[in-house]
Amino acid sequence: MDRKKKKFTPVITVNECKGCERCVYSCPKKVLRLENKLNSYGYRYAFYIGEGCIGCGSCFYTCPEPGAVSIYEETEDNT
Amino acid sequence: MAKKLIYGKPSGFFDTFDRRPGITHSTHYCPGCGHGVLHKLIAEAVADLGMLDKTIFICPVGCSVFGYYYFNMASISVPHGRAPAVATGLVRSNPDCFVISYQGDGDLGAIGFNEFIQAANRGENMAVFFVNNGVYGMTGGQLAPTTLPGQKTLTSPYGRSVENEGYPLKVCEMVAALDSPVYVERTAVTSPKNIRAARAALRKALTYMKEKKGFSLVEFLSGCPVNMKRSAKDTDEWIEKNVIPYFPVKCFKDIANERKPKQSPVGIYDKEKVKDSLLATEKIHPSDESELPVPDIKGELRIKCAGFGGQGILSLGMLIAEAGHLQNLKASWLPSYGPEMRGGTANCSVVLSREAVGSPLVKTADVVLAMNQPSIDKFSPDLRDGGILIYDSVNIKFDNPGKCNVYSLDASMIAKDVIGDVRCANSVMLGAFCEIIRSIDEKSFISSITNNFRGKEKVISMNIKAFQEGRKAVRK
Ligand SMILES: Cc1ncc(C[n+]2csc(CCOP(=O)(O)OP(=O)(O)O)c2C)c(N)n1
Ligand code: SF4
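Heads up: the protein sequence lines correspond to chains A and B, in order. Under the working numbering, the letters of the first sequence match residues 16 to 94, in that order. Under the working numbering, the letters of the second sequence match residues 6 to 481, in that order.
Same shape as in the complex, but just chain B:
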């Protein structure tokens, strides 16, 4: 007699779930949860279709947020409801990858409905697997857009009232009415018969994605026994008796055979171009000055620039980042805008390092450049002991608490009176920064200004002059 495994853990799962803290052999799902049933179908299908190394599984917010513990494929966690938006970015920047947007009914039908319906309408090449369990599972069973009329949940203790909450959202019906999507089917992960139909639908959606036919949606009516306050068996029976009559289990649309594989417009999604536009500091072309030695910075130099919107705070940060980059430092620049377009506050984080930059967000700073009072009040406490504070003394009054090295200069006045344009105050600050930091060469700052204002000779010379004035004027 020979023993053969005919059904066993699919290879789309990791052997052990090492990413899961504590228990590494089972899932975090409640007993009887529909997510688990669906996970197995996905793991099996992606492996069987040979798509493991090209598939990206998007973990939504909801009970399935930890999907990446289990699937032996690339995963990414996204903010609530944003899976189809992230999926769009993924397939557009790399049209050869396959993206599964896995979403609950709260995630897809409520907070993320716009992202979802727009992606469907654009016909992005992706498969959306929509788990409709009629409640917000993770947060304790609140009403979802798909909760049935009269169904009791934590936030509809007397049952869903159609007067108050409207009727359940029929997602498949809506998506099938759009022209772009190629395949829309509703299934249920309840009885073995329904699970087999769900398995077939899921495989079809993955196959269409593999053939680049466009957007597929498969909905899975699913049990959440804990929040439905029933056993798994009663939950399944309840779904079959009450949910399926409202949300018919069937194929709404299947037109993939009429569609040609999607072609990405040539050039637009070129990887290098995407990189260039996303990583702005990568755009800088090293000039002759890159022959200069790499500055001797220990660890990361974490800098915060802050002031009013319109003072050129973001450019000040960018000029510093570019100067560092020109001397072959790794540089990051992260802007933060106030809600106002003008007159509000603005700040940016710049990190320079000989190694790859970790977090681009500066919380504890080595250097703070402040150009107005609210900024110094807000950010000077973030300076590490012994850090450097440089501020514009025209706009700011500051009492040194003695923990840091404080420098100041009349940046705005110099810009206005000596250079003739107050908008050059940020370059005056840049000069002060150069003078105090010293590890980055003056030439790199000048090239940075030149690159930044390329083509505007007059602006370049004014800003270089402002920069030199700043170097002279700064005082302790």
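Looking at chain A on its own, in the form it has when it is part of the complex:
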């Protein structure tokens, strides 16, 4: 399958994020930002700008919170 056809989506669980920005500065494609709003615990939280993720997992591994970042891969499914 053509590698370029794959689409990756990082998902941030708003209330598990503490706004430390590790994912923001670790992302090689700079596609994560910090929201100006606060979550229920008073932290600004990260969000995905919607395109450009290459699924490298840097944000996932640099995030100190167990479940704040997940990354999904969407593939062409012919069946």
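These are calculated hints, taken from the structure and not from any lab test. These figures come from a predicted structure and were not determined experimentally. Accuracy of the hints is not assured; some may be wrong.
If you want the ones that stay clear, here's a sample from chain A, every Cβ over 12 Å from chain B, calculated [said to hold, decoys possible]:
id, residue
1, Ile64
2, Gly67
3, Ser85
4, Glu88
To give an idea of the chain A side of the interface with chain B (calculated C-beta under 7 Å), a few residues [said to hold, decoys possible]:
id, residue
5, Lys21
6, Lys33
7, Glu36
8, Asn51
9, Asn54
10, Ser55
11, Gly57
12, Tyr63
13, Gly65
14, Cys68
15, Phe75
16, Ile86
17, Glu89
Glycine is no exception: its CB is placed at the ideal position from the N, C-alpha and C atoms.
For this one, chain A is given, so just place chain B with the ligands on it according to the hints.
Same frame as chain A, but now just chain B with the ligands:
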């Protein structure tokens, strides 16, 4: 289009952190903390390597003290710096378990350095994950053994002075110089590249432990943004610019392939033997007297024996515990020694119960047996209302405050004059105890004495006689 999760919360974590009071979906760590980064690597690796059900995670004292909130594996919390000692006990008593000794730089490099270096030198089969964030995080950012020269901390406000505090402790370098350890690597949980190297190192250490190759150490240079008073980003940059040049990130030693899997010496670590030596009261072999009915004790009977060292206080407690055990009660015996070997004070806690014993430490007592003045002064206030006090009236003056049932006898005098050996005074006290408690049969006490002095017929008969004298002499 099919959606597939490629990176998500590792199964080495609990789904929800129910052990954490209050917030059960996130950690207690500060934003950007290196502990969190490392926790994820551990949770992922232990699960991937199929070691979850055999791994014991040791929570040190430090910010990671609550590790057990998060990891879906066995955990144990230990006193400050003692993780490698506890880990040694765990792997030696059960060589099939895998132990992660997780430690900060204060825990490992300062208070616990001896435990750590000795375990490394013995080559225990364990993985030590050493979080070097250059400060004591939990207590507010004090100087650690690994703080850099010139680095400002709470307790080095002008920067670490090498004249005063010496140079930073290079743990990996020291451990790599020992013969036993098989794998030593320093990594950093900073940039994605470094985190990946840390991930690989951690997996290697776990794999070697799984293969029983011995001792591995992985150090993680790690950020503590709050105490370094920087953002997470500036902390990482600071580590890469200042800490890594001082503490080079590299593999110092990797000789696991030259080593055979560790074999535990046969027999020594036999589970039953370990149990026998640790749980002394389990050693007692029930005799014919165990046919006696289980004494009718409601809840726990909590007993304190106290006196001078040398008066046989600890044996008195043991004789009571054994007697209870012989009648199929659950029994615990916990000695407490004064700093002196002889002539100091000694006391022990004994708990008897029909159910499993809770805390073996007796604070509020149902019965106090006191054999000297300081003991009665100290422990009689701990008696519950209506409790029983038995004391040796040769050594003690006591005014009954009226809250408890007080019994006394001239135990030392009886031992000296009637039995001919003052050392039997504890058996005289035992007789008094038997007479007053009544729920435990006299035969059990006699068997307990017989077991205790097995092989010394003369001592046994003297102590049984002392016991009988005690039963006769006790008075209200
Ligand atoms: C016996 C004992 N001494 C001192 C303390 C106080 N204390 C708690 S945490 C800590 C330092 C922990 O530092 P470190 O091991 O670097 O871990 P971090 O918190 O940085 O992760 C100290 C000294 C203690 N709890 N117990
Ligand atoms: S004080 Fe430092 S080491 Fe402790 S949780 Fe906060 S960032 Fe982590």
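Quick rundown of the hints versus the structure:
1. Ile64: Its Cβ never comes within 12 Å of chain B, the nearest being 18 Å, so this holds.
2. Gly67: Since the minimum Cβ distance to chain B is about 16 Å, Gly67/A lies beyond 12 Å and the statement holds.
3. Ser85: 4 Å, violated
4. Glu88: Glu88/A is in fact no farther than 12 Å from some Cβ atom of chain B, at 5 Å.
5. Lys21: Violated, because the Cβ-Cβ distance from Lys21/A to chain B comes to roughly 10 Å (cut-off 7 Å).
6. Lys33: 4 Å, holds
7. Glu36: 6 Å, holds
8. Asn51: Violated - the Cβ of Asn51/A stays beyond 7 Å from chain B, reaching only about 17 Å at its closest.
9. Asn54: 10 Å, violated
10. Ser55: Result: violated, 10 Å to nearest chain B Cβ.
11. Gly57: 11 Å, violated
12. Tyr63: 13 Å, violated
13. Gly65: 16 Å, violated
14. Cys68: Interface hint status for Cys68/A: violated (11 Å vs cutoff 7 Å).
15. Phe75: 4 Å, holds
16. Ile86: With a minimum Cβ separation of about 4 Å from chain B (threshold 7 Å), the hint on Ile86/A holds.
17. Glu89: 5 Å, holds
Comparing the model with each earlier hint shows violations of hints 3, 4, 5, 8, 9, 10, 11, 12, 13, 14; every other hint is respected.
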